[in-house]
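**Student:** Starting from the structure of chain A, add chain B where the hints point.
Chains A and B supply the protein sequences, listed in that same order. Quick note: the first sequence uses the numbering used here, first residue 1, plus one each step. Quick note: the second sequence uses the numbering used here, first residue 576, plus one each step.
If you are wondering where the hints come from, they were derived from the structure by calculation, not from laboratory data. It is possible that some hints are incorrect.
Said to hold, decoys possible - Simulated crosslink set (DMTMM-like; lysine to aspartate or glutamate; CA at most 25 Å straight-line): (1) Lys594/B with Glu535/A; (2) Lys750/B with Asp451/A; (3) Lys686/B with Asp460/A; (4) Lys323/A with Asp584/B; (5) Lys622/B with Asp566/A; (6) Lys622/B with Glu288/A; (7) Lys750/B with Asp460/A.
Said to hold, decoys possible - Derived, one-sided and incomplete: chain B residues facing chain A with beta-carbon distance under 10 Å: (8) Trp588; (9) Leu748; (10) Lys750.
Even glycine gets a Cβ: it sits at the ideal position worked out from N, Cα and C.
The residues making up each chain are set out below.
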Amino acid sequence: MAQFRVCPDSGFYFDKSAESLMKVNAVAGVVFLLIAGLLALGVILTRWQEVHLLPADLFYQVLTAHGINALIFWVIFFEMAVLYFASSTLLRTRLAAPRWAWAGFALMIIGAVMNNIAVLQGNSSVMMTSYVPMQAAPHFYLGLILFAVGALIGCFVFLGTLVIAKDDNTYDGSIPLVVFGALTATIIAIFTIASGAIILVPTFLWSIGYINHIDAEMYRIIWWALGHSSQQINVAAHVSIWYLITGILFGARPMSEKVSRFAFLLYIFFLQLASAHHILVDPGVSSEWKIFNTSYAMYLAVLASMIHGLTVPGAMEVAQRSKGYTKGLFEWLRKAPWGNPTFSGFFFALIIFGFIGGITGVVMGTEQINLIIHNTIYVPAHFHATVAVGTTLTFMALTYLLIPVLFRRALFLPWMAKLQPYVFSLGMTIMILFLLGAGTLGVSRRHWDMDFTGAALSFDYPGTAYMMMAVGAIGGVLGIVGGAMFLIVTVGSLLFGKKLEPSAGLFQGFCGIPLADSVYDVEQPPRLERAAPAEHHVDGFEAPGTFVLALALLVCFVVYYAINWDYLASVWPMG
Amino acid sequence: MSSFQPPADRIWWNVPVGKQEIVWTGIALVWCLIMFFMMPYWHVYGKQNLSTEAYQTNAEKYTEAVEAFVAEYQTGVDEQSGIPIVTPPAGSDIYMLGRLWQWYPIIELEKGQSYRLHLSSIDWQHGFSLQPVNINLQVVPGYEMVINVAPDTSGEFTVVCNEYCGIGHHTMLGKIYVK
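So here's chain A without its partners, still in its complex pose (with noise of 0.2 Å):
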């Protein structure tokens, strides 16, 4: 029986039931990112103090449930779907196991609602790092578990079926780069997962009354192997979609498997230290113990990251100059499809992740400098740097992908598309910058009101932090503009766009014909051959453009981490 049907425009073949498990998975993150987005709203124009728009019970609830179904429900939830098109259809092979997929899918659905029906009730505004001892309802705890047991089940089928693609030897050699990195997410996924369970199972025990304590900092310890680790899952994730889009646009290949595949061998062994950034300025843990780990052992994950982002943008440039983009330094990156929301999303959360999520996310986990910016609003800024850009963003530009070829329907309003990813990417960055300037300043992080009404002291900002956070929510609004503008994009095209025909060319469905449904009419697809082979330019810089952009994110970092350095050595001499 053919259950097999392939893409016409990409040459993707999708097996049935991974084809439905993608969608169903791709809709699910797309309406919890439209929660969190809603959400945003709340948290941002309280923040921004002039307007002050929640009162504090709501906007600690508003937040508590922003930051779960962004970080957690979210992303999650997509990349479920990008582990099974990098199983299922990047290797041509059917999906191990589909009917234990769809009930991890039940259970993460099931565990979402629930903590999402937990935090609403009103009694489990905890933050979503839910730090004992302040306890929320037992179906809060209960709901995290019950998603995270979901998407293991997710990381088993698609570790099933990489094991059925070899067995029934659907590619030739070795698996492809994307799928590589899809795998190293896996592994960072399980870990992760594994850290969650042995933390939030005890916690779930306590809070029905089963454990009457819980040591606090053993659960921040812990946690943390849950909460940062869970953001590296996107990490690995997002770089390999880096990796799938410069090859789908440009036709671009890996400037070098080795160095590329063990960029992602780093990130298994050391990205998971970095959980230690949280706890820098804890009581109890020693100094070789933070330096060891907040260093992810001597920065090689950092390395990793540096590697990715001479390796993405390179193997791009090195294919746009083999297409005759050749003049000066940066006519392959002029000329690149800036209209196509695919690229600019991309290119957008490439520079954003790595010029400002990775530089602040470095210089805030050193272990000493952290304490002039642990638990400020420097905090979220970095990470809306690289969730809520590096990895939202490039889902987004995923997705305006996916809508053509796994979902055949043309886009909704392709202007708009068009758009989406300068208007969110502007927006956030005007957040992000202004956010991390208040954080300098001192503001604090999960805080309902900078003026302090009603405290029996009293504080007073300086005006330029009211200043900061005032043009931080204004970006901030102007990036949750960008993120309804994704939203209306993608549910448009799936309610109202156009069903493609077989042949309706990939990027030029835009426009595209009404036509048929889906037909399943392959019965195997053909074997995944190996790449062309390519000469190796060993001696020459290929990629001089990819080169100087590398070393200018490269004095960025050493600037401004020696100017964190200089604000520290300024504050009281501790020891």
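**Tutor:** Only chain B this time, still in chain A's reference frame:
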């Protein structure tokens, strides 16, 4: 021809790496090592390092220690809040307690002198954020952290709670005066 096909060479790990990747990886590795060694360097030559001295404690024990400290060195009461003002001698052990929703007591210090600051919470987690110097510490119940601190600027300093601790979180302020 692409990133989503198997590598062209079956034995891809033997394919020589381009000069550009080697040079960049080398530069990046040097920078990573510099950043790594900055941290131990600062422990030796820098002045802002967090002490790792800490003790297990509990609410009763810590409250008792704080009350003894207040009883010994109290010099006044803040009229606005009713919180005692304590003026400990230079070089002594000083205590601050975080609870819903105040930092207790108010402390007066001398500029240029060193103190052993004890910090803990008797209920939920709190964040000790000293403004405007911007020193931020996590305050965890059950753990008594001891930090050697030597104020080198004078004036009025505020302790803002920067770890979410419930509905009154935004009212949780404390004071340290440095003369």
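**Student:** All hints, please: hold or fail.
**Tutor:** Outcome of the hint check:
Under the criterion of a C-alpha separation no larger than 25 Å, the hint pairing Lys594/B with Glu535/A is consistent with the structure, at around 14 Å. Annotation: proposed proximity of Lys750/B to Asp451/A holds, straight-line Cα distance about 16 Å (limit 25 Å). A threshold of 25 Å between alpha carbons decides the hint, and for Lys686/B with Asp460/A the separation of about 22 Å falls inside it, so the pair holds. Restraint check: the Cα-Cα separation between Lys323/A and Asp584/B comes to about 23 Å, which is no more than 25 Å; the hinted pair holds.
A threshold of 25 Å between alpha carbons decides the hint, and for Lys622/B with Asp566/A the separation of about 12 Å falls inside it, so the pair holds. Between Lys622/B and Glu288/A the CA atoms are separated by roughly 17 Å; this keeps the pair inside 25 Å, and the hint holds. For the hint pairing Lys750/B with Asp460/A, the CA-to-CA distance comes to about 13 Å; that is within 25 Å, so the pair holds. With its C-beta approaching chain A no nearer than about 5 Å, Trp588/B sits inside the 10 Å limit, and its interface hint holds.
Taking 10 Å as the C-beta cut-off, the interface hint given for Leu748/B holds, the closest approach to chain A being about 4 Å. Interface restraint check for Lys750/B: the shortest CB-CB distance to chain A comes to about 6 Å, inside 10 Å, so the restraint holds.
Of the numbered hints given earlier, the model fails none.
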